[in-house]
Each structure stands twice: as C-alpha cells, then as structure tokens.
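For the sequence shown, the numbering used here gives the first residue as 2, with consecutive numbering after it.
What the hints contain is simulated information worked out from the structure, not anything from laboratory work.
Here the structure is a predicted model, which is why all the values come from computation and not from measurement.
Be aware that a few hints might be false.
Keeping only pairs whose Cα atoms sit at most 30 Å apart, straight-line, the calculated DSSO-like set for lysine-lysine is [as the list claims (entries may be wrong)]:
#	residue 1	residue 2
1	Lys182	Lys153
2	Lys153	Lys79
3	Lys151	Lys182
4	Lys107	Lys151
5	Lys182	Lys107
6	Lys79	Lys151
7	Lys107	Lys153
8	Lys107	Lys56
9	Lys56	Lys151
10	Lys56	Lys182
11	Lys107	Lys79
12	Lys79	Lys56
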Amino acid sequence: MSENLAQETPSGPPRWEPLGATDRRVAGVLVEKAKTTPNAYPMTLNALVTGCNQKSNRCPVMQLEPDDVEESLERLRKLGAVGVVEGYGRVTKYRHYLYQWLGVDKREIAVMAELLLRGPQTVGELRARASRMEPIRHLSELEPLLQSLKAKGLVIPLTPEGRGHVVTHALYPPEELERIKQQHEVSRATPAAAPPGAARPTGGPEGPSDKAPAIQQQLDAIRQELSQLRSDLDELATAYRHTDDQLQRLREELGA
Numbered sequence: 002m003s004e005n006l007a008q009e010t011p012s013g014p015p016r017w018e019p020l021g022a023t024d025r026r027v028a029g030v031l032v033e034k035a036k037t038t039p040n041a042y043p044m045t046l047n048a049l050v051t052g053c054n055q056k057s058n059r060c061p062v063m064q065l066e067p068d069d070v071e072e073s074l075e076r077l078r079k080l081g082a083v084g085v086v087e088g089y090g091r092v093t094k095y096r097h098y099l100y101q102w103l104g105v106d107k108r109e110i111a112v113m114a115e116l117l118l119r120g121p122q123t124v125g126e127l128r129a130r131a132s133r134m135e136p137i138r139h140l141s142e143l144e145p146l147l148q149s150l151k152a153k154g155l156v157i158p159l160t161p162e163g164r165g166h167v168v169t170h171a172l173y174p175p176e177e178l179e180r181i182k183q184q185h186e187v188s189r190a191t192p193a194a195a196p197p198g199a200a201r202p203t204g205g206p207e208g209p210s211d212k213a214p215a216i217q218q219q220l221d222a223i224r225q226e227l228s229q230l231r232s233d234l235d236e237l238a239t240a241y242r243h244t245d246d247q248l249q250r251l252r253e254e255l256g257a
C-alpha cells in the first residue's frame, strides 16, 4: 500500500491525546516508513521493532522487544491511531490513522513524525529532517506548517522565536512535558557569563565570537549531510528487509 493510497483527508475532530515514549516511537515509525518506503507499508511486527530500534534518525536510541511493540500497537489501536490490515496471509500488518487522529495534512504529519522520533529540535534541524518525507525546501515553507500545528495545539515552542528556535510536539504526558520545558528554561537562563567587571571589546581584531556564526553554519551543513546519508542507508536497509519478507512469504506459499 503506497502512502498516497494510505493517506486520507482528515474528517471529524482530531482525537489525539498524550502518549508514552514507546507509543510515540511506534507511531512515528509507522508514519516515517509509510512515506520513505511505501512498498514496505503496512508494516509487520518485526519490521516495526527494527524501525523502532534503528540508530539513525532516532533520539533517544531504544532497545524495544517485540512484546513491547506489540503491546504499544494494541494501546494505539484502542485509541484509534493504528489499525490491523488484513489480506497478507498469516502475516499481520499494521498501518496508522494519524492523519485523522491528529487532524493534519501530509506535510504537517511529516513534521510531527520527526518530532515524535527525535523530540525537541531547532526549526533548522526539523526542516532538514522532515524534508526527507515531504519536500520542505526552505524555512519559509516550514514556518506556516509550524504556525498551523501550534494553532492546533500539536507543537509547542520551547525557546523564543528567532535564531536557534527550538520546538517539540505536545503528545508528551503532562509531567514529561513540564520537565522538558524546565530543561530548556534552565539552558536559556544560564549562558556563559563574562567575569565581573570585564569590559566589552569595542573594535580591534576579529575574535573567536566573530567567527562563531560561520562555524555554526558549517556544522549545521555537516549535520544535515550526515542526516541525509543516514536516511539513505536506512531506506536501503528497509528495502532489503522488505525483499527478505517477500522471499519468506514466497517460501511459505511454496511450502519450502
């Protein structure tokens, strides 16, 4: 089933509610794989476990067992966020209903998936990462998506808008969300302070602080390239697993 066939226009009010860490990971993986490897979607339990535990495009890296993922799928199914797909023989497969559950469109769901998979991040990082699922070429294209998601209560700003603006999703349980907010408030409130009485430089040769923006831009570019390389490797690995699943089904049908 391709992502185009799987996508449905949101109808009725969204039904989302806070999710635990495992449920957020499972939901994010279902959206990600539906978009990046549609030929391997809907997903088997084994494919979901692998997707949840992969090291690229995940923060934090998790080590979930099949039972953990299966229990999460059952919770998400009861919430109306996930469904079982019939017609694949003895292999049970799963799909998401997050378009309706969250009340979002195809670009907004890509942004939400990245936030579910990685948690808080700057808007620059978010744009680069979400664009592997939907084309979001510039920050100017991401901004209206974030404004829409903020209006829907799905995205929360953690730092003031501007350079390095950090956002996250709103699907954390209340206690976890409050802890994340406090962490970012502390980091903003404790910048490196100059020694008492130190005078500000008023000219002279260019210092390290003058070079910092250019260095940061280079680091951001390198991070984006690494993220894309990891994404490409992940897609290759998923395609390999899909081929292996097809061979296994063929063996079962032939009685091998």
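How the hints compare with the structure:
1. As the CA atoms of Lys182 and Lys153 are separated by approximately 19 Å, the hinted pair is consistent with the 30 Å bound.
2. Of the pairs offered as hints, the one joining Lys153 and Lys79 holds, with about 23 Å between alpha carbons and a cut-off of 30 Å not exceeded.
3. Straight-line distance between C-alpha atoms of Lys151 and Lys182 comes to about 16 Å, which keeps the hinted pair within the 30 Å bound.
4. About 16 Å separates the Cα atoms of Lys107 and Lys151, which keeps this hinted pair within 30 Å; it holds.
5. For the proposed pair Lys182 and Lys107, the alpha carbon gap of about 28 Å is at most 30 Å, so the pair holds.
6. Annotation: proposed proximity of Lys79 to Lys151 holds, straight-line Cα distance about 26 Å (limit 30 Å).
7. For the given pair, Lys107 sits about 15 Å from Lys153 by alpha-carbon distance, which is consistent with the 30 Å threshold.
8. Between Lys107 and Lys56 the CA atoms are separated by roughly 25 Å; this keeps the pair inside 30 Å, and the hint holds.
9. Restraint check for Lys56 and Lys151: satisfied, since their Cα atoms lie roughly 29 Å apart, inside the 30 Å limit.
10. Between Lys56 and Lys182 the alpha-carbon distance is near 25 Å, which keeps this suggested pair within the 30 Å criterion.
11. Of the supplied pair hints, the one linking Lys107 and Lys79 holds, its CA atoms being roughly 23 Å apart against a limit of 30 Å.
12. Of the supplied pair hints, the one linking Lys79 and Lys56 holds, its CA atoms being roughly 29 Å apart against a limit of 30 Å.
Hint compliance for this structure: every hint is met.
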